[in-house]
Every structure is written in structure tokens, then in C-alpha cells.
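Generate coordinates for the entire structure from the input sequences, incorporating the hints supplied.
Here the numbering used here = 1-based position in the sequence shown + 129.
No lab work stands behind these hints: they were computed from the structure.
Do not rely on the hints blindly, as some may be mistaken.
[What the hints assert, rightly or not] The calculated label-pair distances, taken between Cβ atoms and stated as ranges, are:
1) H488 to A133: 44 to 54 Å
2) I134 to P494: 45 to 55 Å
3) G233 to E393: 47 to 57 Å
The beta carbon of each residue, even a glycine, is placed where N, CA and C say it ideally should be.
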Amino acid sequence: MVPAIRIQSCNAAPINVSGGYVLYWMIANRRLFHNFSLDRALEHCRELHKPLVVFEALRCGHPWASDRLHRFVIDGMADNASVCAGRRVLYYPYVEPAARAGQGLLEALAADACVVITDEFPCFFLPRMVSAAARKLAVRLEAVDSNGLLPLRSADHAFTRAFDFRRHLQKNLPTHLVDFPTADPLSSAGLPQSPLLPGAITERWPAASTALLESMNGSLGSLPINHHVKPTKTAGGHTAACARLQTFLKKGIRLYSEEHSDPELHSTSNLSPYLHFGHISSHEIFAAITRLEKWQPKKLALRANGAREGWWNMSASAENYLEQLVTWREVGYNFCAHRQDYDRYDSLPPWALKTLAKHLSDVRPSRYTLEEFEAASTHDPLWNAA
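Pasting the structure below:
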């Protein structure tokens, strides 16, 4: 079962036991593997004896919408469509053709749903979007935390230092390592036959076309997004994420401790975009590392002293990588979950503000305009390459 600490009821509406299906509104955990949100949706399916509809949408009106980011996310949609095709799940990918064109679609899909499950994500516009949906829906809306190894609500405040968060992590994480999302939950879900959606929905909000999902030339051209930022060769989706993970485990992780800070050596995992868009989970990465290390939770050094090394009782490279994957990544989630001003200068802790103010008038040997920064016209070849 999904731990209760990871489930949040977003409204007081009831579960509609006479509804036609359970609706999973996928907004952050854009994957069908190692996903507590999907596990929770399937719990409702089993209890209510209902089929599952997975609804994944991509807006075009958000900041930085471009061919590059759209292509990466849509690659993940293509992966999800392929997985659902043979598993009695109705997968409904919707790519908004114009700003605000998708308004009303969630409500229309929820009208015949027993319950709606979505992803809890503590930043960007997603919390506001979920709150707005909770007020509109006439059926129960639950948000499920599948962001990291440590549940967001394991702490009741924001940590402003990694040392303090690490100490909290060392004290509290062991009890949560026994609760992992299911690796491949749809493989044995035993779901009823998936439903057909009403024509009134599919005609007004057509699902993403095969051409768009399969990345045919020109398929992004009609969308009102930034076409100057072109796609890269980096494919999105869970399949590509797993391939990247395996490459890292075979070639990069043994040198990670010594080389990860040198960008020219390419010893990092390159998994950041897949984590960012939810195409792979930290649970899946952690499980792969523990298999490589032949590690068991009983090997944890049970001391909460905030030390960076020696607590996991793994190799130096594995511990260095977990410091990034768990400590630094999840302290960010913790901060966003407890501070609405997480993206504002004033959210910095007093010691940081004091240091920045002290050096405000320091002489800068080089000064650049925003346009020069954007054009990569600085004295620093590393900045320019980035």
C-alpha cells in the first residue's frame, strides 16, 4: 500500500462509486514505473473494481515552452502510450494546440470518474493548478508524493542548510526505505477492460496524433511555442532514461567521486532532465545502485550526525552520487514544499543575505549585459559552452 504520509486529499468531495473509471491525472511523475501516484490509482481500481484512465497533458502557454522541451516531454508520452497499449489501460495524451485550449478537459474527464489521482509537486505552477482543480471537481481529488526517497511531510519546516537536512535524513530515512513504489505496476494489475471516452470529449480535445508522438518532421510546427530552440539528440522518456542509467552504472559511477566536478570528463549521470520531467524516479535509480553495490538497508550506519561520508556504507563514488540524488535534490523539494517564496531573493537565509550584502560593492573584473550572457560572449569558455 502507498504510505499514508504520501497521500493528500485536496478537496472534501466524495468518491463516486458509480463512476466509470479511476482517473490518474499525470502532471509531474510522467512515467508508468516506480510511481506512487500510479500505485494509488491502482489501489482504487482494485477496491472499486474499475478500469484505469491515465490522462497526461502538455500545456503550450507556460514559460520556456519550446520545440526542445516539448519534444522531450512528448517522447515520454510516446513511451507511456506504448506501455499502456497492451495492458488494458486507456492512455489519453493531450498536447494543447493553443494557449488555454485544454481548459475544461480535466473536468470533462472527471465527470464520470470515481476518483481523481494526481502528482504532488511543490513548485512551478503545479500547486496552483491542483488547488484550482480541487475547487472545481465534484469528485475526490488526491495528490500523491512520489518526488523522492523521503516523503515531503517527513519534516514540518524548511531546512536552509544541507547539513541540517542531512541529519534529518539520516534520522528518518531508514523507516521509509521499506516503502518502495512498485517497479512495474501495470504488468500484474488485472484491470477490467478500459472504457471508451465520449465523442464529445475526444472531438473537442483530440488526443495527440501518431505523427506528433513519433516525432515526424514538422509535427511541432503548428504549436504556438518557441521554434527557435530546437530539439537536441537527447531523447526523452523512460526507455531513454533507463539506457542512460545503465551507461552511467557501467562506465561513469566508478569514477564519479574523483571526476564528477570536471565537466570535460563526462563522469556525471546525465539523468537530470529525466528526473526533472519525471521520466525516471529516484527510487529506481537508488535501487539500481544498491544492486550494483550489493547493499542492504541493514548496512546503514545508524547515526544522525550530518556527515556526508560513511553513512550509507557504500563505495565512495556511490556515496558521492547519493549525496546529489538524495541530499541536495530533496533538500530543494523540502524547501519548496514549506516556502511559497522559494524562488525569491528574500527566501535566502539570513547568513546568505548578509554575505551577499557584504560583497555587493566588490570590484568585478568583468561585467556583462544580459544579452552578452545569452550570446555566450564572456571571457569564460566554460560559461560560453554551457
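Results of checking the hints against the structure:
1. A hinted range of 44 to 54 Å for the beta carbons of H488 and A133 is consistent with their spacing of about 46 Å.
2. Separated by about 50 Å at the C-beta atoms, I134 and P494 satisfy the suggested range of 45 to 55 Å.
3. Separation of G233 from E393 is about 50 Å and conforms to the stated range, judged on CB atoms against 47 to 57 Å.
This entry satisfies every hint, going by the numbered hints stated previously.
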